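Undergrad: Chains as they are written, first to last, in our numbering: chain A, 1 to 250; chain B, 1001 to 1329.
Treat the hints as calculated values from the structure; they're not laboratory data. None of these values were measured; they are calculated from a predicted model.
Sample of chain B residues lacking proximity to chain A, with all beta carbon distances greater than 12 Å (derived):
no., residue
1, Gly1035
2, Ala1050
3, Asp1061
4, Leu1071
5, Lys1088
6, Arg1170
7, Val1174
8, Pro1179
9, Ala1218
10, Asn1221
11, Ser1273
Not everything, but these chain B residues come out facing chain A in the computed CB check (under 10 Å):
no., residue
12, Pro1076
13, Ala1080
14, Ala1116
15, Gly1138
16, Gly1141
17, Pro1160
18, Val1188
19, Val1208
20, Gly1259
21, Val1289
22, Lys1301
23, Arg1324
We put the CB at the ideal spot given by N, CA and C, even for glycine.
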Amino acid sequence: MKIAVCIKRVPDMEMRFSIAADKRSLDQGGLKFEMGDFDGYALEVALQLVEKQGPGEVVVLTLGPDSAQEILRKGLAMGAARAIQLKADQVPFDGLAVARALAAELKDGGYDLILFGRMATDTASGTVGPMTAELLGLPCVTSISHLEIADRKGTARRDLEGAAETVTFPLPAVLTIDEGIARPRLASLKGIMAAKKKPLETKPAQLGEARLQIESLALPPDRPPGRIIGEGADAVPELVRLLHDEAKVL
Amino acid sequence: MATFLAFAESRGGELRKVALEAVTAARKAADASGGGEVHALLIGAPGVGARAADLGRYGADLVVVVEPAALERYSPEVYAATAAERIKSGGYRAAFFPASAEGRDLAPRVAAKLGAGLASDVTSFEVSGEAIVATHPGYTGKIIVTLRLTGSPALVSLRPGAITPAESARSARVESGAPAMDPASARVVVTELTTGGAAKVDLGEAPVIVSGGRGLRAAENFKLVEDLAAAIGNAAVGATRAVTDDGWRPATDQIGQTGRLVSPDLYIAVGISGAIQHLAGMRTARTIVAINKDKDAPIFKVADYGIVGDLFEIVPKLTEEIKRVRAAR
Chain A
1 MKIAVCIKRV
11 PDMEMRFSIA
21 ADKRSLDQGG
31 LKFEMGDFDG
41 YALEVALQLV
51 EKQGPGEVVV
61 LTLGPDSAQE
71 ILRKGLAMGA
81 ARAIQLKADQ
91 VPFDGLAVAR
101 ALAAELKDGG
111 YDLILFGRMA
121 TDTASGTVGP
131 MTAELLGLPC
141 VTSISHLEIA
151 DRKGTARRDL
161 EGAAETVTFP
171 LPAVLTIDEG
181 IARPRLASLK
191 GIMAAKKKPL
201 ETKPAQLGEA
211 RLQIESLALP
221 PDRPPGRIIG
231 EGADAVPELV
241 RLLHDEAKVL
Chain B
1001 MATFLAFAES
1011 RGGELRKVAL
1021 EAVTAARKAA
1031 DASGGGEVHA
1041 LLIGAPGVGA
1051 RAADLGRYGA
1061 DLVVVVEPAA
1071 LERYSPEVYA
1081 ATAAERIKSG
1091 GYRAAFFPAS
1101 AEGRDLAPRV
1111 AAKLGAGLAS
1121 DVTSFEVSGE
1131 AIVATHPGYT
1141 GKIIVTLRLT
1151 GSPALVSLRP
1161 GAITPAESAR
1171 SARVESGAPA
1181 MDPASARVVV
1191 TELTTGGAAK
1201 VDLGEAPVIV
1211 SGGRGLRAAE
1221 NFKLVEDLAA
1231 AIGNAAVGAT
1241 RAVTDDGWRP
1251 ATDQIGQTGR
1261 LVSPDLYIAV
1271 GISGAIQHLA
1281 GMRTARTIVA
1291 INKDKDAPIF
1301 KVADYGIVGD
1311 LFEIVPKLTE
1321 EIKRVRAAR
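If we strip away everything but chain B, and leave its shape as in the complex, we get (with noise of 0.2 Å):
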C-alpha cells in the first residue's frame, strides 16, 4: 500500500499552520489510493518534537523528528538533503510540501535531488492511477493549468490556505531521525531571523486578510484598516502594489501578481481598483468584499458584496458594526 510523506514546516519551535496542511493533503492521497500510511518529516529548532502529536491529530501515523542542536533556522542544504533522504528510503508515492517562502525554496532542491517531477503552488489535486493530477494557478492567476505528475516519488507544493486542515485523530509514533549532512559544513547559512512582531497575524496564514489601496489617500489612514482587522480579530493586513511601491506600507505586504498570494476565507479590500496584477494575489479568496467609490471599479467583478460610497465613512461604521455585534453575542 503507498505511504506518503508530508514535510511539516515549522519556525522557532512552533508548527506553521501549512505543516497541518500539508500532513492533510497526504492523508487525503493516502486515503485516495487504498488508505496507507502518511508519514511527516518534522525538521527544525531542537524541542520541535514536542509537537509531533498535532501532527497526528491531522493524519500523520509516523512522524520523524530531526532537530539536531546546530539546526537553529531553517539551512536549505541540510533539509533538502535530510529530506531527499527520507524519501528514498522511505519509497513514498509521493511527498507534499507546502508552497510557503521556505517550502517553495526547499522543494525544487528536493525534486533535482531524487529526479523526481515536482508540480508546484497547487490549489487542488487527485490521485489518478499511476499519476497526480493537480491544478496550478498561472499567468498571474488568469489561468488554471491542470498538470499530470508521473514517476515515482512524485512532490507536490501546496499553495498556502488552499488546503483546508482537517483533524483525522491518530496517535502517530514518533522516530527520531538525523540530519544527512552535517549542519556545519553548510555552504548557505541563515544568520538572522527578523520577525515581524509577535501580534501580527501573517498573510499566509490569517484567515480574514484586510487590505487596502491608493483609495486610503495616506500612510497614516491605514490606521481605518487595523482598526477593522483587529476589530474582526485574527485578521492580517495587506496592501497594494501602488502603495507599497509609495512605501506606505512595506513591501512584504503587498498582495498580487509579484507580491504574495492568498487565499483567506474573507477578503475585505479598501479603496483598491482591483488591478489584474492585484487581482491575481487574491482572486481564489472564498469571499471577496469590496469598498471602493467607483461602482464600476474592477473589484467589483471579483467582489461578492460591495459597497459603493466613501471608504471614510464606511469602513469606520463596518469596524463599529462587527465590535457591536460581537459584544451582542
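Chain A with its partners taken away, still in its complex shape (with noise of 0.2 Å):
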C-alpha cells in the first residue's frame, strides 16, 4: 500500500503571538515550528497501516519554504520512507491555491491512500483534504476517528455533533484524520539517524489562483475584564442575580 501524508509546518500554538508590523503575518521573533497536531495522527494511521498490511511505502508531502524541511525531516524520523517539498515562499491562506499544488503532485503518484490531518492549526480551516480530493476526483471522507482498511475498501467513523456516522469508501481515497485515532510516536534515535539519509525531494509548487487573501490580523479583543465576586456558596445568589440582571443569560 502507497500512502502520501500531507503535513504543515505551524507555529507551536503554546507561544505567545505578536503581529509583525506588516499587520498580515506573525510576528516571526521567538516562534517555534511543528508539525501539526492533526497531521501527527495522520502520519501515525499510514505508518501502522504499511506496518500491518504491507509491503508499501510512506510518503510525507509538504508546501511551504524551505524552513518546512524539518517537518518532513521529523516525518520520516518517525518511519516515512522519502519525503516531497512543493517551494513556496509562504503558504497561501487560500486553501483551494493549496490544493491546486498538492494535487498537481498526487495526482500520478499511484497512491492508495492520501492522508491529511482535520485542519492546520494555524489556519483552522480544514478545507485543504476535501478540496485535493474534489481536484483528484477522488472519494473522501473527512474528519475520521476510527479506519478499518481491507480488501482495498475502507469504514471510518466520523464524529458529528451529538452523532456519529459509519462511512464505507472504496481506495484509492483521500481522508482526514481526527485526533485520537492513533497516537503519533515519538521519532526513535535510530530513526533520527536514519532520516538525515533517507531521500528529500523539492520541487517548485505549482499554486494556483488565491481567491481568498488576509487582509489583516489582530489579537482577539480583550474579554471586558471579568470579575470575582466571591468565594464559595455565599456568592451563587448574587452570581444568579447578575446572569438573570445584568448578563440577561438566565
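Given two chains presented individually in distinct reference frames, assemble the corresponding complex, making use of the accompanying hints.
TA: See the structure below:
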C-alpha cells in the first residue's frame, strides 16, 4: 500500500503571538514551529497501516519554504520512506490554491491513500484535504476518528455534533484524520539518524490563483475585565442575580 | 441585483439551528447589497421539504427542496454535486454554509468543484463592494484573521452559534429540485447514523453549556454538572480534554482546540483551570462563568463572573438557587 501524508509546519500554539508590522503576518521572532497536531495522527495512521498490511511505502509531503523541511525530516524519523517539499515562499491562506499544488504533485503518484490531518492548527480551516480530493476526483471522508481498511475498501467513523456516522468508501481515497485515532509515535534515535539519509525531494509548488487573502491579523479583543464576585457558596445568589439582571442569560 | 444562497442543513427530516443561521446570514448579505433574493437549498431525507416555511420565516424568498427517496442520510458526493450545480445555475453572488461537521465536509468540496474561494469557520462578515470581508479565529483562537474573499460565487462557512437567527418573515416559494447525481452511484456511503439520544442537547446548538474539568475529581461527579444543566434547561454538558482523555466523558464532549469550538450565550466552567487548549474552544462565548478553587487559575481572566471556592459546595447551591428563582418567577 502506498500512502501519501500531507503535513504542514505550524507555530507551536502554546507560544504568545504578536503581529508583525505589516499587520498581515505573525512576528516570527521567538516562534517555535512543529508539525500540525492532526498531521501527526494522520502520519501515525499511515505508518501503522503499512506496518500491519505491508508491503508499502509512506511518503510525507509538505508545501512551504525550506524551513518546512524540518517537519519532513521529523516525518522521516518517525518512519516515512521519503519526503517531498513543494517549495513556496509562503503558504497561501487560500485552501484551494494549496490544494491545486498538492493535487498536481499527487495525481500521478499511484497512491492508495492520501491522508491529511483534520485541519492545520494555524489556519484552522480544514479545507485543503477535501479540496484536493475533488481536484483528483477521488472519494473523500473527513474528520475520521476510527478507520479500518480491508480488501481495498475502507470503513470509517466520523463524530458529528451529538452523533456519529459510519462511512464506507473504496480505495484509492483521500482521508482527513481527527485526533485520538492513533497517538503519534516519538521518533527513535535510530529513526532520527536514518532520516538524514532518506530522500527529500524539492520541487516548485504550482500554486493556483488565490481568491482568499489575509487582509489583516489582530489579537482578539480582550474580554471585558472579569470579576470574581465572591468566595464559596455564599456568592451564588449574587451570581444568579447578575446572570439574570446584568448578563440577561438566564 | 445580487442573489444569495444558504445551505439549510437538516438531520432526520428536521432543520438544524445552523440552517436558520445560514439563512439569516444570507439575508443580511442580500439586504446589504441592495435587497436581492435569498434562496435556500434544502437537501435531505424525504419529507424534509415540510420545513421549507421555517426557512421563509428567517428570510428565504425561495426554498429549493431536494429530497429523493434514496437520500435517507448525508451523502457528501450527492450533496456536493447538487449544491455546486445549483450555485452555478443560480448565478449566486455568494453561498453560505454552516461550519458544522456536515458543512465543513461539504463546503470545501463545493468550492473545489466551482473553483471558488471559501472562507471557513467565519464568525462575522461584511459585503464590501465586490468582496466579502470575513473574520475567522485562527491559531487556536489566539489570532483573529480578517480575510478578503473575491470572485463570484464566493463561499462562506459560518461558525455555529456566531450568527443569531433573526426572523425576516417571507412566505417562501418552494421549488422541487433533483439531485445532480444518482445517489446509487456514490462511492462514499454513510451506512449508519447513530445519535447520542433524543434528550441530549447538542453542544453546537445549546444556548448554555455547563462544562467540567479535572477539578471534579471523578467521572461520577459529573452528576453535579448534569444536574446544573438540567436545572437551567436547554443546556448541554461539555468537558475538557483532560477529562475526555481520561475517559470520564466521551471524546465528542471535548471543548477546545482539538475538540468542539462553541459560542453559547452562557458558558459555565466548573473545576476548569483554563488551559490555552480549552480556552481556544470557548472564549467566544457571550458570557463566561468560572467556578474554581484556585483564584489564580487562568479561567478567571476570561470569565465575566467568577466564584472562588469548593465546587462541591458551590455547584449544588447554584443548581438549587436557579431552581428556586425559576419557581418563584
